[in-house]
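If you read the protein sequences in the order shown, they are chains A and B.
The numbering of the first sequence is full-length UniProt numbering, which starts it at 1 and goes up by one.
The numbering of the second sequence is full-length UniProt numbering, which starts it at 1 and goes up by one.
Hint data in this document are derived by calculation from the structure and do not stem from the laboratory.
What you are looking at is a predicted structure, and each value in this text was computed from that prediction instead of being measured.
Check before you lean on any hint, since a few could be wrong.
Stated by the list, open to error - Derived pair list, reagent style DSS-like, types lysine-lysine, alpha-carbon separation capped at 27 Å:
no., chain 1, residue 1, chain 2, residue 2
1, B, Lys60, A, Lys154
2, A, Lys137, B, Lys194
3, A, Lys143, B, Lys194
4, B, Lys194, A, Lys142
5, A, Lys343, A, Lys324
6, A, Lys28, A, Lys238
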Amino acid sequence: MAKIEIKNLSILFGPEKSRAKKMILKGKSKQEILKETGCTVAVRNANLEIEEGEMFVIMGLSGSGKSTLLRCINRLNEPTMGEIRVNGIDITRSSDKELLQIRRKELAMVFQHFGLLPHRTVLNNVSFGLELQGVPKQEREKKALESILQVGLKGYENQRVDELSGGMQQRVGLARALANNPEVLLMDEAFSALDPLIREQMQDELLLLQEKMKRTIVFITHDLDEAIKLGDRIAIMKDGVIVQVGTPEEILTDPANDYVTRFTESVDRGRIVTASSIMLRQPIVVRVKRDGPETILRKMRERRLYALPVIGNDDQFIGEIHYKDVLNLRKEGGKDISPIIKKEVPSVLENTIVEDMLPLLSKVRQALPVVDENNRLLGVIPPSAIIIEMTGKDEKEIEEIIQNAIDL
Amino acid sequence: MINIGKYIEIAINWMTEHWAHFFDVVNNIIGGFIDAFQNGLLWIPFYIMIAALTVLAWYKAGKGTAALTLLGLFLIYGMGFWEQTMQTVALVLSSTVIALILGVPLGIWTARNRVAAKIIRPVMDLMQTMPAFVYLIPAVLFFGLGPVPGAFATVIFAMPPVVRLTDLGIRQVPEDIVEATRSFGATSGQLLFKVQLPLALPTIMTGVNQTIMMALSMVVIAAMISAGGLGEIVLKGITQMKIGLGFEGGIAVVILAIILDRITQGFVRKK
């Protein structure tokens, strides 16, 4: 069972919700609904399943409905239609009393502009959630100190929060959420108000923290780089609709539409795309002990390849064989190809990122072999694919560049 | 001719007749409160009172105000107005306390309820802009002569700033703080007492300061219905054409106003 399950969720703002509801069911557009009923469709037919222990990022530009969707999970915004299940319980039907308990025990939220109480100290801010639950002072301060320690704020307990920098204030916000020991953390553009350096640092620390605590985190951002860095999975929203859900790599390598593609263009793909998504599966190979010089030459000529990977029994990757070596072997009348196999060729694993393949590029003759842990050949990557990923240029442009270089 | 006055008169007369018992109870409670307050202030020897207020002024508003408090109060004592001054302080502060007891909850209500705000705001405008003399007649009808009707008229005139500034203070609490508080499972009461009121306190204190100032401006008017105090001295100066006496009473009111203003403003800053 998913930790959080959102089913056919729509959120409308405006006067004539019941009429707008019917129009949504009929599939009318956002503009039509606004024109006829004056209702804004903030979120439309959202479906999501967020697994336990997952860092799930919802990404979209401002006005895409991402924050509204997040606020539905703890019902700071009331959903108009649809279901939200937390631990299998539909919270849209919860009474006010049950809702208070859910907010106190299961969900905690971190806000873009921190939402701290300026008249209180760090300690009293962090223990605020427990104070609302009526936890005795001593106990709540003990727990608060623990989470202050977790976010690296030790020694600041008695400072007033309005004396702290933005990054420090957001640590207080995070500590306040953690002190409640919630199952789910809702983070609404939590790092967007911080300057870039502090932001990266906070992202790193959140990742470290998450490695230890393994909570379910729903993180909202408008920044795809942040989404890719943090997210186990990402949902991309546009105009209230979820356009695509997937792992960062799936989104980069297989964008659902032009909108997502445009987003992904500016991303540093070299650090996200791995060998497995750009390699050619089932490449042409030479099987040692089975293929002789004639067969190999024919394979090479057919595809105009100068080198081929050689595999042994069980698809074990052995090395590479080169066109001119095979020609020489045939001239000499030899049949056994073993002596001419070049064994010192680089290979990469499936999860190697493109950036790490760059240094190997100069040693690649025809294509970079990809192997698994047991050294079995899974596929090959042509150098052009690596360059395409790094430069963002398409194949044609790259061919032109190579052609020009050869002409020189 | 449209005779609105007739209907108001009928209403007031009806209230005087039918709510007489209620007004008696109120009269006794508030009258007792003001009397006790006044007696308490007069029981303290003047030099101790002056010393205490000077120290308080030093704490809350600094050296200058402390010096002014010391000299000003001695001047009042020297002019022979000590008793009247303490009467006025008792009336002004009692009225302020009543205005706070009524005004703060009203302000909270208007901040949280749109319908309440729509009804109460114009009533506040009316209370503040209606010439204060007008309240004196029903005040006398309800409570007779003395400090209680004076306090009644003063409360009506001086309450609006507390209501308005409490309302404003609560509305000014940043939305993200309110949202964060709700997200952690705060009840509506917890939101009010742990977040909204503490954050609105400086604004509410400004309202308290305004209310005290407006109550002071009512002392001469209240004296017309025998509320006593410094207002009576000024009034005597006017009715008997005693220019000197009128100014002396006026100077005492000004001194009192400056001291109360600076000290309460000191409270605003400290919070």
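Status of each hint after checking the structure:
A hinted pair counts as satisfied when its Cα atoms are at most 27 Å apart, and B:Lys60 with A:Lys154 does not qualify at roughly 34 Å. For the proposed pair A:Lys137 and B:Lys194, the alpha carbon gap of about 15 Å is at most 27 Å, so the pair holds. For the proposed pair A:Lys143 and B:Lys194, the alpha carbon gap of about 20 Å is at most 27 Å, so the pair holds. At roughly 21 Å between alpha-carbon atoms, B:Lys194 and A:Lys142 fall within 27 Å of each other, so this suggested pair holds.
For the proposed pair A:Lys343 and A:Lys324, the alpha carbon gap of about 16 Å is at most 27 Å, so the pair holds. Restraint check for A:Lys28 and A:Lys238: the C-alpha separation of about 16 Å stays at or below 27 Å, so the hint holds.
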